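*Asks:* In case you want the letters, here they are:
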Amino acid sequence: MNNRLINWFKFASPQSFYPLAGKMLPWFVVLTVAFGLPALWLGFFVAPTDAVQGEGYRIIFIHVATSWMSMFVYCVMAFWAAIGITYNTRLSGMLTAALAPTGALFAFLSLWTGALWGKPMWGTWWVWDARLTSELILFFLYLGYIALTAALDDPRRADRAGGILALVGVVNVPVIYFSVKWWNTLHQGASVSLTKSPTMAHTMLWGMLLMALCLWMYTIAIALYRVRAIILERERHTTWVADLPEVKA
Amino acid sequence: MSALLAIVRRDLLLAARRKSEVLTALFFFMIVVSLFPLGIGPEADMLRKIAPGILWVAALLSAMLSLNRMFAADHQDGTLEQMALSPTPLALLVGGKVLAHWLVSGLPLVFLAPVLGIQFDLSARALGVLMISLLLGTPLLSLIGAIGAALTLGVRGGGVLLSLLVLPLYVPALIFGAGAVEADISGLGASGHLALLGAQLALALFFAPWAATAALRIALE
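Chains L and V, in that order, are what the protein sequence lines are.
Here the working numbering is used: the first residue of the first sequence is 1, the next is one more, and so on.
Here the working numbering is used: the first residue of the second sequence is 250, the next is one more, and so on.
Think of the hints as simulated: they come from the structure by calculation, not from any bench.
The structure displayed is predicted, hence computed values, not measured ones.
A portion of the hints provided could be inaccurate.
SDA-like mimics (lysine to any residue), calculated; alpha carbons at most 25 Å apart, straight line [claimed, not checked]:
1. V/Lys298 to L/Trp216
2. L/Lys181 to V/Ser440
3. L/Lys181 to V/Leu272
To be clear about the criterion: a stretch of chain V counts as covered by chain L if any three or more of its residues have a C-beta under 8 Å from a C-beta of chain L, and this derived list gives those stretches [to be verified]:
4. 321-327
5. 362-376
6. 424-431
7. 457-467
Glycine included, C-beta positions come from ideal geometry on N, C-alpha and C.
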């Protein structure tokens, strides 16, 4: 018998993770709302109007949070992919697959809100800035992962091939970021500076942090929801799935 | 080491027997490069400016055209399984296949590029830098491409999927490869770009055969 507090490997089995995910899901939904409402309230009502940018800057609250999350989710995916390849656990691959659409969504939203913000602020929808370009490539990496796993019919092969792709991608993300950054400085100089932002009001910072936490909790909630669906789909031939009350009903 | 050489010799022999496949990729490179002046216009100043980027993008695309075939034939006739069972480490054999792919589809580009560069009115010095950047960069394309080729082995619609997987990973090679030539033209000196390209090559040389091997083993299961 093992004397650790929790035997983590117990939850590596889809059978025991499915009910656990079901129990955790409502809590993360509650946390999403609990962080999201004050974030929106701070962002829309409390944060002062920016002296230069007017009201339009308020898109920052969603834009910054989605950008952070799009990068973070890719790292989490790579983490689960590494676990999956090392321990050969089935659940890790399912979690990686469950996170990918959310990550791609965040990358897309980050680009989209960035364009909406860029038009009134810089007068253009798109600049070939280092951050925008590397975010775009990150979006392509997500699409590549989703396309690869969708093209492979055998789910186990899809998980493991996708895992290798996620790991190769995560090694490349810093290389891509710095190469784009140096390429950018060589080409266009400092026509648009994103880094020299004016000192931010505390309420703005809090709004962004709360929104990031809200999206983080949302990611966990939606990934748990999606992983439950994936488990049901892949384990539909087993007796424990057939015995589930929600399946019987 | 002799196993690696044997693989290289075998793949080169196979390529020599199917010349059209190799030549198609090279002609593709030449045609794509020649299309750009037709689309953009013949002003020498403009052409000189865009030449490095166009030559490099065309090199990426033509290297990608032949990636599909890196493992496909061996996978179909079962050779790949025998390689996986052989006492020689599979990563070494994969390295041999990558080397052969580069010799067939990367190295010719290095020698074709300066000829096409003349069409774009590049100076002799810039052509030299272009050759060096391609010499360092095309093996990188073969190495990264091998991972993609192994991952998409036996997948329906593998060709299009391969481009989606591999092209984003080619971005750093493109930036520093084309950047080296541009930096040389603008008088900044190309050594920094070339050093970074070389560093990427060293990294890929170490990691890519290993990742491609892991992907192959998944495909062979």
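*Asks:* Determine for every hint whether it applies to the structure shown.
*Replies:* How the hints compare with the structure:
Note on V/Lys298 and L/Trp216: the hinted pairing is violated, with a Cα-Cα distance of about 45 Å set against a maximum of 25 Å. Between L/Lys181 and V/Ser440 the alpha-carbon distance is near 18 Å, which keeps this suggested pair within the 25 Å criterion. For the suggested pair L/Lys181 and V/Leu272, the alpha carbons sit about 37 Å apart, so the restraint of at most 25 Å is broken. For the segment 321-327 of chain V, the proposed coverage by chain L is not satisfied: 0 residues have a C-beta within less than 8 Å of a C-beta in that chain, short of the threshold of three.
Residue count for the segment 362-376 of chain V with a Cβ under 8 Å from a Cβ of chain L: 0. That is fewer than the three needed, and the coverage hint is violated. Restraint check on the segment 424-431 of chain V versus chain L: 4 residues with Cβ-Cβ distances below 8 Å, three needed, restraint holds. Chain L is given as covering the segment 457-467 of chain V, and this holds because 4 residues of the stretch bring a CB closer than 8 Å to a CB of that chain, at least three being needed.
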